[in-house]
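Protein chains: 4
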Amino acid sequence: MADNDFDRIKKQVREFVQERDWDQFHSPKNLSMALIVEAAEMVEHFQWLTEEQSSNLSPEKLAEVEQELADIQVYLISLAEKLKLDIIAAVDKKLVLNAAKYPADKVRGSSKKYNEYKDRS
Amino acid sequence: MADNDFDRIKKQVREFVQERDWDQFHSPKNLSMALIVEAAEMVEHFQWLTEEQSSNLSPEKLAEVEQELADIQVYLISLAEKLKLDIIAAVDKKLVLNAAKYPADKVRGSSKKYNEYKDRS
Amino acid sequence: MADNDFDRIKKQVREFVQERDWDQFHSPKNLSMALIVEAAEMVEHFQWLTEEQSSNLSPEKLAEVEQELADIQVYLISLAEKLKLDIIAAVDKKLVLNAAKYPADKVRGSSKKYNEYKDRS
Amino acid sequence: MADNDFDRIKKQVREFVQERDWDQFHSPKNLSMALIVEAAEMVEHFQWLTEEQSSNLSPEKLAEVEQELADIQVYLISLAEKLKLDIIAAVDKKLVLNAAKYPADKVRGSSKKYNEYKDRS
Chain A
0 MADNDFDRIK KQVREFVQER DWDQFHSPKN LSMALIVEAA EMVEHFQWLT
50 EEQSSNLSPE KLAEVEQELA DIQVYLISLA EKLKLDIIAA VDKKLVLNAA
100 KYPADKVRGS SKKYNEYKDR S
Chain B
0 MADNDFDRIK KQVREFVQER DWDQFHSPKN LSMALIVEAA EMVEHFQWLT
50 EEQSSNLSPE KLAEVEQELA DIQVYLISLA EKLKLDIIAA VDKKLVLNAA
100 KYPADKVRGS SKKYNEYKDR S
Chain C
0 MADNDFDRIK KQVREFVQER DWDQFHSPKN LSMALIVEAA EMVEHFQWLT
50 EEQSSNLSPE KLAEVEQELA DIQVYLISLA EKLKLDIIAA VDKKLVLNAA
100 KYPADKVRGS SKKYNEYKDR S
Chain D
0 MADNDFDRIK KQVREFVQER DWDQFHSPKN LSMALIVEAA EMVEHFQWLT
50 EEQSSNLSPE KLAEVEQELA DIQVYLISLA EKLKLDIIAA VDKKLVLNAA
100 KYPADKVRGS SKKYNEYKDR S
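Order-wise, the sequence lines are chains A, B, C and D. Note that numbering that gives the first Met the number 0 has the first sequence beginning at 0, numbered continuously upward. Note that numbering that gives the first Met the number 0 has the second sequence beginning at 0, numbered continuously upward. Note that numbering that gives the first Met the number 0 has the third sequence beginning at 0, numbered continuously upward. Note that numbering that gives the first Met the number 0 has the fourth sequence beginning at 0, numbered continuously upward.
Be aware that a few hints might be false.
Identical copies go unnamed one by one, so any copy, or any two together, can satisfy a pair.
Taking lysine-lysine pairs in the PhoX-like style, the calculated list, with each CA pair at most 25 Å apart, reads [as the list claims (entries may be wrong)]:
{"#": "1", "residue 1": "K92", "residue 2": "K105"}
{"#": "2", "residue 1": "K92", "residue 2": "K9"}
{"#": "3", "residue 1": "K10", "residue 2": "K100"}
{"#": "4", "residue 1": "K60", "residue 2": "K81"}
{"#": "5", "residue 1": "K83", "residue 2": "K105"}
Quick caveat, the hints were computed from the structure, so don't treat them as lab data.
With the rest of the complex left out, here is chain A (with noise of 0.2 Å):
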């Protein structure tokens, strides 16, 4: 992968909004809620799917899944630059905190609790 693809792209999203003047409907309240409807775009993909049927997905359901992925990436940058957020940095210090509030000795395995962790990112 090429360097900086991350910036390109962010960069990319900003001009695609500037050129269609529609900076004047994203506010972070409206942003929020374009990425949650992505959100859902995908989860519909998956209702009615079993787990393991959601890993084995045609070719066809798959390139829909891959727009539904790229929306909500692309209403998260949107969002991230609105709210003058760096995404990464966002990433970095969450790691670090998801890292000491779920420290790998003491929640690996596969006891009843493992249902209570919320964050499994």
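Could you slot chains B, C and D onto chain A? The hints should help.
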């Protein structure tokens, strides 16, 4: 920003999951659910705010929103990984599609029809 | 409104599912996914509208929103049925809880803190 | 179950909101956000469970799920009220539409196409 940060965080997310043996829970079906739950935690911060208030968050609120941003990105990375999809490639394809679907000269402006455009990324 | 309409529609939803032998797909897990997908279809109608526009929908838009309202109610009924829960009883309990959590004399008004109240039902 | 319970809880929800002067926050836009946030709290209970586990919840978990069920119903009632829509009438219309869209004799069974049916209410 350093090079390949996106590759770096993808690798860190992958290792985080492996160290905890959490991959067993990461069917695409489950990950799509975890992702929309985080998207909703983002929405929750804005549900009673006006659009303007959503653009002027306190430092405390902004820090919380930054965590949801990270959580969404992390699950998106895990979901892409499980589906063997590449987020950057997916976004590249989608931006081309969107540019054709919404030519700037046609959709720019504030006609009533803008409410009918679903993709405003 | 006629008596027992809620019981009537619960019965009709149950029969609709049974006639089609769709109960096999109706695990609570799946139903929760189907429900949030419909909730997102509702959100989608409002994502680019201002709050005021959302209170003044065209007849066409209102008809679409009415369909999402119905879809959400129907999946909620199926979900309650699968979990052997009674929606009316659940609401009764929750209203009592909420009244204690948000005493009217304490939460009425427009202090800054109102943004911190999650349950505004 | 007593008569007109649904009318009764609609009235109680309306009064609850009025006593607290919260109607000002109840634009349909905001209510759609509040509703999907509750729908996500429901999803969260199931995200790491298998379908079978989701059908066999502990009493503690079931009590939590019951609360989300109530929260969703309450916001749905407020949303319908704000839009001057009647939930029962909306469901009646939708069930007729769905019966025509999914004739029992055509959709019953377990053919591969069932994954393509979005409405399985």
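Tested hints:
no.: 1; hint: K92 / K105; verdict: within (21 Å within a copy, 37 Å between copies)
no.: 2; hint: K92 / K9; verdict: both (20 Å within a copy, 14 Å between copies)
no.: 3; hint: K10 / K100; verdict: between (34 Å within a copy, 19 Å between copies)
no.: 4; hint: K60 / K81; verdict: between (32 Å within a copy, 15 Å between copies)
no.: 5; hint: K83 / K105; verdict: neither (36 Å within a copy, 29 Å between copies)
The structure fails to meet hint 5 from the earlier list, while all remaining hints are met.
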